[in-house]
Amino acid sequence: MTKWNKRGIIIQAPFAAIGEEMNFAETDEHSMIREMVREWAEAELTPTIEHRDANQIAPIEEWAAFAELGLQGITIAEEYGGMPVDDISEAIIIEELARVDASFAVFYCVHVGLCCKTISLHGTEEQKQKYLTQLGADKVGAYSLSEAGAGTDAAALSCKATLSEDGTHYKLNGLKMWVTNGASADIYVLFAKVTGHPDYGVKKHGGVTAFIVEKTFEGFTVGKKEDKLGIRSSDTCTLELNDCIVPVENVLGKVGKGFSIAMNALDNSRIGIAAQALGIAQGAFEAALKFSRERETFGTPIGRHQMITSYLADMATEIECSRMMVYKAAWAKEQHYENGAPRHSLEASMAKLKAGDTAMWVAERAVQIHGGYGFVKEFPVERFFRDAKITQIYEGTQEVQKLVIARNLT
Amino acid sequence: MPNIVVLVKRVPDTNAKITVSGGSLDLSAVKFVISPFDEYAIEAALRHKEANGGTVTALTLGSDACDKVLKDAKALGVDNLVRLWNQGWENLDSNGVQSALASAIGDLGSDVVYCGKSAADSNAGSTGPGVAERLGWTSVSNASAVSFEEAGVEAMIPTSSGQARVGLNFPCVVSMDKGEMEPRRPNVRGIMMAKRAVVEVISAEAPTPTVNVVRYSPPAEKPPGKTYEGAGNVPTVVQALRNEAGVI
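Line by line, the protein sequences give chains A and B. Under my numbering, think of the first position of the first sequence as 1, with each following residue one higher. Under my numbering, think of the first position of the second sequence as 1001, with each following residue one higher.
Hints were generated in silico from the structure; no laboratory data involved. Treat the hints with care, since some could be wrong.
Unchecked claim - EDC-like mimics (lysine to aspartate or glutamate), calculated; alpha carbons at most 16 Å apart, straight line:
| id | chain 1 | residue 1 | chain 2 | residue 2 |
| --- | --- | --- | --- | --- |
| 1 | B | 1226 | A | 35 |
| 2 | B | 1031 | A | 28 |
| 3 | B | 1195 | A | 86 |
| 4 | A | 203 | A | 125 |
| 5 | B | 1195 | A | 35 |
| 6 | A | 402 | A | 28 |
What the hints assert, rightly or not - Among chain A residues calculated to face chain B with C-beta under 10 Å, some are:
| id | residue |
| --- | --- |
| 7 | 33 |
| 8 | 70 |
| 9 | 263 |
| 10 | 314 |
| 11 | 318 |
| 12 | 319 |
| 13 | 320 |
What the hints assert, rightly or not - Covered stretches of chain B (in silico footprint by chain A; criterion: 3 or more residues with CB under 8 Å from a CB of chain A, positions within the stretch not fixed):
| id | stretch |
| --- | --- |
| 14 | 1067 to 1077 |
| 15 | 1176 to 1187 |
Glycine included, C-beta positions come from ideal geometry on N, C-alpha and C.
Build out the structure end to end from the sequences listed, making use of the hints.
Here's what the structure looks like:
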């Protein structure tokens, strides 16, 4: 891990920390995974993304086809039907999906990163047997933390969970917001405050508890679907909990320990969103480069005009910088879970901050290079431009990332 | 149960732009893949195993850069990976390649060999028949489909008036064309199997090359196309297609 002194000087670089030689070459397996996902995404997502984006249709049919690749179970152990891959592979998969379809990328990212990974890390044997086996097959997972008054300030949850008198179940009440895969999902990792917990009402995040909630549970309703600027083929909904009955065995982790589960999950999936931003930037850049070679003004392809070459050079450089940071953060996450290295919060936040800003900036430049053609839906950069914005907002806003980074420096 | 060998070759991606500089090929920025017709050979080999059991060994000739295409084959489901290589083989000619492969195939004790009908780089189409000739085995080329018997295969091959179904007894070599058997794609389970797979490196004798490449040159550039817009130009386009292109 990178270590800084109080004057901001690096005292230990990441690769030296574990005594490995620096090696930036992609392994054969990473290349194979990249090629597999790229080929699939271009063949299966490209033909339908325009229609799904225009009409806000979730990629359910595409998800069913995607299952053939076996990638829905990459954060699930083999004994539960999954096929784990390393964290750099996970970043590559999300990057390649987002390069074609940012909506499908976040659909996937939430399933593997926020739902399956959280159950894998904190679930009991029974929970893993019951839920991971389904999530590794064809069921879709989601994660529900945010509420109207609790987004960045996640501890300000108002959803309540009250234990029944006979102690067999909790009754959940409240309204959750901004739930990615809200309507498509079957299984949710959902957070609420247990009213009977000693810290409830005493500490700000007192009583926060994670629950595994099935869509079919009594009192659970999918509410309003948001009409969004970007990632329109990913369904973002409210969830209404009206005396929603959740068995006590569906408490994930311990009662009252949900806040750290929630924050750990976001640390992990932050790298996924950084990878999504990287893919959006890459897709927008490729479209701009292609257009700059085909479009002629004054008898010359615009890509030979000095002004445009300057844009393209800056775009490529920013993307490469983001890629290094995203892969490094993924590597740091791997080191944390596999080798007991310190947590990767700093790397994850830096990668998300850089990649999110890069996606927005590169997509904007890509539209500019297209001129009027970039402002209409016939060209994909219009969609990349709309999709990029969310990467500066969710999984912790850019402002939250800066907060995390600054706290790690002092 | 049959001992099945499939020959795979590492070639530049068929979409790659090949540049020639100073009479040599510049492949520094080119992605390499399994030669496309070899994918049909892998598919035939895997279906053969699925039908009659046995083992499938993917065999290639080349430096360690070729391990990737062997792993690509492993991800699809082959059992064993073997790479044939010797120092000083950088410029083997077809004669040398076929001799070395024939020797290795004999050592592997194979019953049937599948390969692509030609490689995407040289497009020579000589490896399959050449290997069969050296081994003294039965051979068939351009098979579009195969079915599997106890002691041989039946292959569908093109004839001047249609198709013929021909039977071959083991040992034999079948060169596959693009046909009815759509090659499978890898999944993540296969890729993880490939990650754990070990490539066995073997060696063989090969005759000294008698054919040497003197220099490479790029194909002549295509003349720029013509663009017409609007319905008013239809007669002009028709005239051009008829008189200049001679296609209507």
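Each hint, compared with the structure:
1. 1226/B with 35/A: 35 Å, violated
2. 1031/B with 28/A: 12 Å, holds
3. 1195/B with 86/A: 12 Å, holds
4. 203/A with 125/A: Outside the cut-off at roughly 31 Å; violated.
5. 1195/B with 35/A: Since the Cα atoms of residue 1195/B and residue 35/A sit roughly 15 Å apart, the hinted pair holds (cutoff 16 Å).
6. 402/A with 28/A: Not OK: residue 402/A and residue 28/A at ~35 Å, beyond 16 Å, violated.
7. 33: 6 Å, holds
8. 70: 4 Å, holds
9. 263: Because about 29 Å separates residue 263/A from the closest Cβ in chain B, which is outside the 10 Å limit, the hint is violated.
10. 314: Violated. Min distance 21 Å.
11. 318: Since chain B brings no Cβ nearer than about 21 Å to residue 318/A, farther than 10 Å, the hint is violated.
12. 319: 17 Å, violated
13. 320: Violated - the Cβ of residue 320/A stays beyond 10 Å from chain B, reaching only about 15 Å at its closest.
14. 1067 to 1077: This one holds; 5 residues, not fewer than the three required, reach chain A with a Cβ under 8 Å.
15. 1176 to 1187: Result for this restraint: holds, n = 3.
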